[in-house]
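2 protein chains.
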Amino acid sequence: MNKITFTIATMALMLCSCTFNSNNDMTENPSIKTILNRKSVRKYTEQKVEKEKVDLLVRAAFAAPSGKNLRPWEIIVVDDTAILKGLGEQLHNAPMLKNAPLAIIIAGDTVRSSYWYLDCSAATENVLLAAEALKLGAVWTAAYPYDDRIAVIKSFVPMPDNIQPLVVIPIGYPLDPNKQPMDKYDESKIHYNKF
Amino acid sequence: MNKITFTIATMALMLCSCTFNSNNDMTENPSIKTILNRKSVRKYTEQKVEKEKVDLLVRAAFAAPSGKNLRPWEIIVVDDTAILKGLGEQLHNAPMLKNAPLAIIIAGDTVRSSYWYLDCSAATENVLLAAEALKLGAVWTAAYPYDDRIAVIKSFVPMPDNIQPLVVIPIGYPLDPNKQPMDKYDESKIHYNKF
Numbered sequence: 000m001n002k003i004t005f006t007i008a009t010m011a012l013m014l015c016s017c018t019f020n021s022n023n024d025m026t027e028n029p030s031i032k033t034i035l036n037r038k039s040v041r042k043y044t045e046q047k048v049e050k051e052k053v054d055l056l057v058r059a060a061f062a063a064p065s066g067k068n069l070r071p072w073e074i075i076v077v078d079d080t081a082i083l084k085g086l087g088e089q090l091h092n093a094p095m096l097k098n099a100p101l102a103i104i105i106a107g108d109t110v111r112s113s114y115w116y117l118d119c120s121a122a123t124e125n126v127l128l129a130a131e132a133l134k135l136g137a138v139w140t141a142a143y144p145y146d147d148r149i150a151v152i153k154s155f156v157p158m159p160d161n162i163q164p165l166v167v168i169p170i171g172y173p174l175d176p177n178k179q180p181m182d183k184y185d186e187s188k189i190h191y192n193k194f
Numbered sequence: 000m001n002k003i004t005f006t007i008a009t010m011a012l013m014l015c016s017c018t019f020n021s022n023n024d025m026t027e028n029p030s031i032k033t034i035l036n037r038k039s040v041r042k043y044t045e046q047k048v049e050k051e052k053v054d055l056l057v058r059a060a061f062a063a064p065s066g067k068n069l070r071p072w073e074i075i076v077v078d079d080t081a082i083l084k085g086l087g088e089q090l091h092n093a094p095m096l097k098n099a100p101l102a103i104i105i106a107g108d109t110v111r112s113s114y115w116y117l118d119c120s121a122a123t124e125n126v127l128l129a130a131e132a133l134k135l136g137a138v139w140t141a142a143y144p145y146d147d148r149i150a151v152i153k154s155f156v157p158m159p160d161n162i163q164p165l166v167v168i169p170i171g172y173p174l175d176p177n178k179q180p181m182d183k184y185d186e187s188k189i190h191y192n193k194f
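Heads up: the sequence lines are chains A and B, in that order. At position 90 of the first sequence (counting the first as 1) the number is 89 in numbering that gives the first Met the number 0, and the numbers step up by one without a gap. At position 190 of the second sequence (counting the first as 1) the number is 189 in numbering that gives the first Met the number 0, and the numbers step up by one without a gap.
Just so you know, these hints were derived from the structure itself, not from any lab. By construction, the Cβ of each residue, glycine as well, lies at the ideal position given by its N, Cα and C atoms. Check the hints yourself; a few may be wrong.
Sample of chain A residues with no beta-carbon within 10 Å of chain B, all distances over it, derived [what the hints assert, rightly or not]:
#1 Arg41
#2 Thr44
#3 Gln46
#4 Asp79
#5 Lys84
#6 Gln89
#7 His91
#8 Lys97
#9 Asn98
#10 Pro100
#11 Val110
#12 Leu127
#13 Tyr172
#14 Lys183
In silico DMTMM-like pairs for lysine to aspartate or glutamate, Cα to Cα no more than 20 Å straight-line [claimed, not checked]:
#15 Lys183(B) with Glu45(A)
#16 Lys183(A) with Glu51(B)
#17 Lys50(A) with Glu51(B)
#18 Lys153(A) with Asp78(A)
#19 Lys50(A) with Asp185(B)
#20 Lys42(A) with Glu27(A)
#21 Lys32(B) with Glu49(A)
#22 Lys32(B) with Asp54(A)
#23 Lys188(A) with Asp54(B)
#24 Lys193(B) with Asp108(A)
#25 Lys134(B) with Glu27(A)
#26 Lys32(A) with Asp185(A)
#27 Lys188(A) with Asp79(B)
#28 Lys193(B) with Asp54(A)
#29 Lys67(A) with Asp79(B)
#30 Lys188(B) with Glu51(A)
#31 Lys32(B) with Glu51(A)
#32 Lys67(A) with Asp146(B)
#33 Lys193(A) with Asp78(B)
#34 Lys32(A) with Asp54(B)
#35 Lys67(B) with Asp185(A)
#36 Lys188(B) with Asp108(A)
#37 Lys193(B) with Asp160(A)
#38 Lys134(A) with Glu27(B)
#39 Lys32(B) with Glu27(A)
#40 Lys188(A) with Asp108(B)
Using the sequences and the hints, build the whole thing.
If you want it as structure tokens, here you go:
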């Protein structure tokens, strides 16, 4: 056997093996990395978010668990610049909406479920993680439980009385793609079998 | 060049290329797949959950966002079989705890944050997704807002008055590793720029 080609074959197989092994190392698990790397991103480039990515963000929201499987959520995708600008101007906790190419509002049906806000929180976290996975930046800006913020949102996106927005999630490509997550690990908050 | 070894080298390189390409296809993004594949798992094998995995589940919880970055959570890791059995017998919504090798209780500091339950919901979703990523099975069993369930949990794991458990998450290796997620996608709940 030709030595050079044998070496090439061996190196190529080693490279493959490396790739597969790194997927088996649980600290390198890509989903764990996404969870640990998620960060609040408040500054975006002007790049639009592709429809394929928007669809995946929405699918991620629907994949959340819900109490008694009631699925009390409604998903509002906002890419109308007038609405984004208006919300950003009037929601003092979310000025970054003025410069975001996209926002997803997660709202809940308060009649359908009395704990819609827990289910919608899980759906929100799914959207934030999906954004991180797709190299987008996003941040949880709270609507509920603030009546004034809910009123502002409903003035731009009218909704039935029983539908309450939990969050507005501004989303875009991060201006700083190298922003690092905060390390919030805190051993003093871990308890084993007793508090 | 020897034809056979050349063919082996080419095939090996194509296999590598395949692996890398599939990671670039966003519908094949491993984190998106984890989000879409998460399911409620209520039956477990007797296999213990390795300490390395328990640590990653806990790290995932800490990586959640929280309002004003207050981090109002406390994480209780339960692997004491007497506690698991007792909780499973007395929590009528969570009988699977009797046969689970592990549970993680996520609790919140009601004094530290008035919306601790939203932050703790995001932390809970992180744990559920981390479990899916690590080939474990888990399920959200609600404590809050049920006073009777909270009392049961506090009888087995006494906590200060200001600490309220949001969930008990039973975790183990799934008895049916092929269980499929529900498809909860619902186009009627997606709205574009107006409800």
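For a C-alpha distance cap of 20 Å, please report whether Lys188(A) and Asp79(B) respect it.
holds, 19 Å
Restraint status (C-alpha distance of Lys183(B) to Glu45(A) at most 20 Å)
Violated, at about 32 Å.
Lys134(A) and Glu27(B): Cα distance at most 20 Å?
This hinted pair holds, its Cα atoms lying about 14 Å apart.
Lys50(A) paired with Asp185(B) [C-alpha distance capped at 20 Å]:
Holds: Lys50(A) and Asp185(B) sit about 17 Å apart, inside 20 Å.
Is the Cα-Cα distance between Lys67(A) and Asp79(B) 20 Å or less?
violated, 28 Å
Between the alpha carbons of Lys42(A) and Glu27(A), is the straight-line distance 20 Å or under?
violated, 28 Å
Closest CB-CB distance from Lys84(A) to chain B, is it above 10 Å?
The assertion about Lys84(A) holds, with a minimum of 13 Å to chain B.
Can we confirm that no CB of chain B comes within 10 Å of the CB of Arg41(A)?
Consistent with the label, Arg41(A) stays out of reach of chain B, its closest Cβ about 12 Å off (over 10 Å).
Decide if the proposed pair is consistent with the structure: Lys32(A) and Asp185(A), CA atoms, cutoff 20 Å inclusive.
Roughly 18 Å between the alpha carbons, so the hint for Lys32(A) and Asp185(A) holds.
Hinted pair Lys32(B) and Glu49(A), Cα distance within 20 Å:
Holds: Lys32(B) and Glu49(A) sit about 19 Å apart, inside 20 Å.
If you draw a straight line from the CA of Lys193(B) to the CA of Asp108(A), is it 20 Å or shorter?
holds, 16 Å
Going straight from one Cα to the other, do Lys193(B) and Asp54(A) come out at no more than 20 Å?
With a Cα-Cα distance of about 17 Å, the restraint between Lys193(B) and Asp54(A) holds, given a limit of 20 Å.
Checked against the numbered hints given earlier, the structure breaks hints 4, 12, 14, 15, 17, 20, 29 and satisfies all the rest.
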